[in-house]
Amino acid sequence: AQKVTQAQTEISVVEKEDVTLDCVYETRDTTYYLFWYKQPPSGELVFLIRRNSFDEQNEISGRYSWNFQKSTSSFNFTITASQVVDSAVYFCALSDPIKAAGNKLTFGGGTRVLVKP
Amino acid sequence: DTAVSQTPKYLVTQMGNDKSIKCEQNLGHDTMYWYKQDSKKFLKIMFSYNNKELIINETVPNRFSPKSPDKAHLNLHINSLELGDSAVYFCASSRRLAGVEHEQFFGPGTRLTVL
Numbered sequence: 001a002q003k004v005t006q007a008q009t010e011i012s013v014v015e016k017e018d019v020t021l022d023c024v025y026e027t028r029d030t031t032y033y034l035f036w037y038k039q040p041p042s043g044e045l046v047f048l049i050r051r052n053s054f055d056e057q058n059e060i061s062g063r064y065s066w067n068f069q070k071s072t073s074s075f076n077f078t079i080t081a082s083q084v085v086d087s088a089v090y091f092c093a094l095s096d097p098i099k100a101a102g103n104k105l106t107f108g109g110g111t112r113v114l115v116k117p
Numbered sequence: 001d002t003a004v005s006q007t008p009k010y011l012v013t014q015m016g017n018d019k020s021i022k023c024e025q026n027l028g029h030d031t032m033y034w035y036k037q038d039s040k041k042f043l044k045i046m047f048s049y050n051n052k053e054l055i056i057n058e059t060v061p062n063r064f065s066p067k068s069p070d071k072a073h074l075n076l077h078i079n080s081l082e083l084g085d086s087a088v089y090f091c092a093s094s095r096r097l098a099g100v101e102h103e104q105f106f107g108p109g110t111r112l113t114v115l
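Protein chains in written order, with this note's numbering: chain A, 1 to 117; chain B, 1 to 115.
To be clear, the hints were calculated from the coordinates, so they are not data collected in a lab.
Among these hints, one or two may not hold up.
[What the hints assert, rightly or not] Calculated cross-link-like contacts (lysine-lysine; reagent style DSS-like; alpha-carbon spacing at most 30 Å):
#, chain 1, residue 1, chain 2, residue 2
1, B, Lys71, A, Lys70
2, B, Lys41, B, Lys71
3, A, Lys104, A, Lys16
4, B, Lys41, A, Lys70
5, B, Lys52, A, Lys70
[Claimed, not checked] So the derived label-pair ranges between C-beta atoms look like this:
#, chain 1, residue 1, chain 2, residue 2, range
6, B, Lys40, A, Thr30, 27 to 35 Å
7, B, Asp18, A, Ile60, 43 to 51 Å
8, A, Arg63, B, Asp18, 41 to 49 Å
9, A, Ala1, B, Asn17, 33 to 41 Å
10, A, Asn58, B, Ser80, 48 to 56 Å
11, A, Lys116, B, Lys41, 19 to 27 Å
12, A, Ala81, B, Asp70, 28 to 36 Å
13, A, Asn58, B, Ser39, 33 to 41 Å
14, B, Val12, A, Thr80, 37 to 45 Å
15, A, Ile60, B, Ser65, 42 to 50 Å
16, B, Val60, A, Gln8, 25 to 33 Å
17, A, Glu59, B, Ala98, 34 to 42 Å
18, A, Glu26, B, Gly99, 22 to 30 Å
19, A, Val84, B, Leu54, 40 to 48 Å
[As the list claims (entries may be wrong)] Take a look, some chain B residues computed to stay more than 12 Å from chain A by CB distance:
#, residue
20, Gly16
21, Ile55
22, Pro69
23, Gly84
Even for Gly, the Cβ is constructed at its ideal location relative to N, Cα and C.
Produce the complete structure using the sequences and hints provided.
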């Protein structure tokens with residue numbers, strides 16, 4: 001069975017600090033995808049990144065960066081120079097591709113990030 | 001230009017009633033999903049349809065019945081509502097190209113409150 005663990009339930013930082021969110025996953029699949037989603041206070045789920053299990057290159061997008069380490073089954077997310085608008089719940093997710101089409105996402109419990117001005 | 005839409009956004013109803021939530025996507029995706037988010041923010045998949053065919057049916061009470069009239073729509077009907085059904089229900093859709101799974105796009109969610 002697949003499992004995603006986000007050990008940090010809540011992180012509070014002051015604006016401009018960096019914040020790193022941890023994500024550890026378990027799967028027996030050799031091919032899988034990892035995702036991060038953001039859920040701001042307004043409630044919608046916003047896609048941030050998808051990474052496939054064969055691509056271990058780290059990725060940077062603006063103030064966001066992701067560190068994928070297959071050896072430790074981790075896919076951590078860093079927000080650099082945090083801003084108040086980054087306040088949200090962030091979810092890490094692991095896919096279980098279905099043979100025909102589509103995939104089932106297993107979500108971690110989420111990490112609430114609170115950025116104070 | 002809404003990608004994935006759900007109606008209604010809020011639904012307040014009495015225990016024992018039957019209700020439906022509608023979902024539509026205009027992204028041309030083949031696969032649609034229903035997820036439930038409980039009061040602790042935990043997200044869990046309920047159902048998935050691909051081209052109107054049910055492909056995921058998690059351990060969900062049979063009071064919940066999804067229906068997909070076409071690949072752009074996936075509705076969720078709930079019979080005999082119970083207090084524990086109170087949650088936010090999210091619809092999502094995705095595409096698969098050349099065997100590669102792409103990300104799921106989520107609707108705005110429907111907050112269901114059962115009194």
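Report task. Determine whether the Cβ-Cβ distance between Val84(A) and Leu54(B) falls within the hinted range of 40 to 48 Å. Result -> holds, 43 Å
Query raised in the report: Is the distance from the Cβ of Arg63(A) to the Cβ of Asp18(B) consistent with 41 to 49 Å?
Result: Holds - the Cβ-Cβ distance for Arg63(A) and Asp18(B), about 46 Å, lies within 41 to 49 Å.
Query raised in the report: Taking the beta carbons of Val60(B) and Gln8(A), is their distance inside 25 to 33 Å?
Result: holds, 29 Å
Report task. Given the hint that Lys71(B) pairs with Lys70(A), test it: the Cα-Cα distance must not exceed 30 Å. Result -> Status violated; Cα separation ~35 Å.
Query raised in the report: Do the alpha carbons of Lys104(A) and Lys16(A) lie within 30 Å of each other, as the hint requires?
Result: violated, 35 Å
Query - Hint consistency between Lys41(B) and Lys71(B) [alpha-carbon to alpha-carbon, up to 30 Å] - result: Holds, at roughly 28 Å.
Query - Distance rule for Gly16(B), whose beta carbon must clear each one in chain A by more than 12 Å - result: About 27 Å separates Gly16(B) from the closest Cβ of chain A, which puts it past 12 Å; holds.
Report task. Go ahead and decide if the range 22 to 30 Å is satisfied by the Cβ distance of Glu26(A) to Gly99(B). Result -> holds, 24 Å
Query raised in the report: Any Cβ of chain A at or closer than 12 Å to Gly84(B), or is the non-interface label fine?
Result: holds, 19 Å
Report task. May I ask you to test the hint 28 to 36 Å on the CB atoms belonging to Ala81(A) and Asp70(B)? Result -> This hint is violated: roughly 45 Å between Cβ atoms.
Query raised in the report: Cβ-Cβ distance between Asp18(B) and Ile60(A): within 43 to 51 Å?
Result: 49 Å Cβ-Cβ, so the 43 to 51 Å window holds.
**Report entry** Distance restraint hint 34 to 42 Å, applied to the beta-carbon atoms of Glu59(A) and Ala98(B)
**Finding:** violated, 21 Å
Violated hints for the displayed structure, listed by number in ascending order: 1, 3, 5, 12, 17, 21.
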